[in-house]
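Sequences listed follow chains E and D, in order. Here the first sequence stands for residues 16 to 110, where the numbers follow our numbering. Here the second sequence stands for residues 12 to 487, where the numbers follow our numbering.
Worth flagging that the hints you see were computed from the coordinates, not collected in a lab. Bear in mind the structure is a predicted one, so any value in this text is a computation, not a measurement. Positions of the beta carbon are idealized from the N, C-alpha and C atoms, including for glycine. Worth double-checking, as some hints may not be accurate.
Calculated lysine to aspartate or glutamate pairs in the EDC-like style (CA-CA distance at most 16 Å, straight line) [to be verified]:
1. E:K28 x D:D279
2. D:K84 x E:E65
3. D:K125 x D:E167
Quick look at which bits of chain D chain E covers, simulated, 3 or more residues with Cβ under 8 Å [claimed, not checked]:
4. 37-46
5. 150-158
6. 289-303
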Amino acid sequence: MSLTHQDVARIAKLARIAVTHDEIESVGAQLNTIFGLIEKMQAVNTDGIEPMAHPQEVSLRLRDDVVTEVNQREAFQAVAPQVEGGLFLVPKVIE
Amino acid sequence: MKWEVVIGLEVHVQLSTVSKIFSGSSTAFGAEPNTQASVVELAFPGVLPVLNKAAVNKAIRLGLALNAHINRKNVFARKNYFYPDLPKGYQISQMDLPIVGPGTLTIQVGEEEKVIRVTRAHLEEDAGKSLHEDFHGATGIDLNRAGTPLLEVVSEPDMRSAEEAVAYARGLHTLVTWLGICDGNMQEGSFRVDANVSVRPFGQAEFGTRCEIKNLNSFRFLEAAINYEVERQIELIEDGGRVVQETRLYDPDRGETRSMRSKEDAHDYRYFPDPDLLPVVIPESEIEAVKADMPELPAAMKARFIADYGVSAYDGNLLTASRDIAGYFETLAKVSGQGKLAANWVNGELAAALNRDGLGIAQSPISAERLGGLIARIVDNTISSKIAKEVFEAMWQGSDSADAIIDAKGLRQITDSSAIEAIVDEVLAANQKSVEEFRAGKEKALNALVGQVMKASKGKANPAQAQDILKKKLGA
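This is chain E alone, in the form it adopts within the complex:
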């Protein structure tokens, strides 16, 4: 499988990474190398093998349902670019 320039532009857009027109060629080549490796792995016969969600054979530890966090809004908002009335302000987004 080989990625087209269009594919590269789309992946970059989805990941919110700015890739210039000049970079598309080299980024595409790098991605294709990675895909080459993935293709090799996909060619391995994995019949009857349970897919892994994590490389280690351990399961998740759970926490009890108790409130342990305190209000630190002031500290968090001290480093925010823009706040108002306790809200973080971000560039206008309307879906």
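Given chain E's structure and the hints, the job is docking chain D onto it.
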């Protein structure tokens, strides 16, 4: 052409934990903005999510109640999208291995029962809230809701009308509140419904193109939005157009759905297993413990009410709409020994009065025991059903027992036949026309005469007795 409506629902159930799904922040509703958002919800670098045990437990409860398969091993995945109400750039959700697998929910539509298949239910984190007004061109972000545990319950496209969709949504709402896993508060967004709606010509096997109506937060809006959307799609197709798969929003002020402008690529979520979270393994002992702790479920209780108290399936459904209602009914049925009458009063007079005054049954001014006292007087013929309604009203306003009110107001039914006879004589003398009509073979005239007797006795005469005496006097 005849059209068939096809509906599937996705319901976001906020689980009633005190802390968030992946952090120790509080989930309490209505706090000052961002006072319940920790480094985890703010996505500070290096922080790790730690799963809340209670969220898992509550998901298992619903799974068991839906007779669903519980995936002993389930996995969290990242659903990638950029939106400032989730600063991480992804939502932690479940994709290939959700905690709850296929199950069913039986709904009641009129007198009919129907089984709706539930595809799955998965755990995920809620997003924050965006406020688009009043910030001089900026958007305000409140992350208090971010990280609140959600169980997204997905149904198969098994519903064929807005009525069925509402019955399913109500049934699920009953179940989650019954199990105590969600507070069910729809105004506060604790139970949010997305409806997938399509239409197809009757008899066609393939589904039509569907539209998804998002974030319906009342049963009334759910019904109205589906009905509008069905009309819109049918009109569109009949006018030669075609339905475009898209997300739509319901506008309750205008009573219509409209397209949400969604960006290209918006639905390319690129799910992958979240490397921050290991697989969740649920031991058998945990499932057994949840099973042992399960209350009698609404469906089982409904079946028992039908069998033990002789109520109809329709009434049984209403009586198991909540644990409070079911508990009230059962107490009333036991103290009065009258199942059907108890059902009629709970679903009739009591429901109407509660509704009128905007009260839940737990706040009813009349307890089940006190209402039992009223039913006892109907059963022993001390008062008629009509007078009982008057007594009920007086009980609602005060704290007196039914007996005290009946005595104080002199409402005791007249069963003394000589007293009724005297009234009947008066009525017969004053209503010669009805008497002649009856003698001429008009059966209905008798009802009119009984009505006159009841009126003359201010509703206190025993109607059956009055009818007998009338018949006797008329030589019928």
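Hints versus structure:
no., hint, verdict
1, E:K28 x D:D279, "holds (11 Å)"
2, D:K84 x E:E65, "holds (12 Å)"
3, D:K125 x D:E167, "holds (13 Å)"
4, 37-46, "holds (count 5)"
5, 150-158, "holds (count 5)"
6, 289-303, "holds (count 4)"
Checked against the numbered hints given earlier, this structure breaks none of them.
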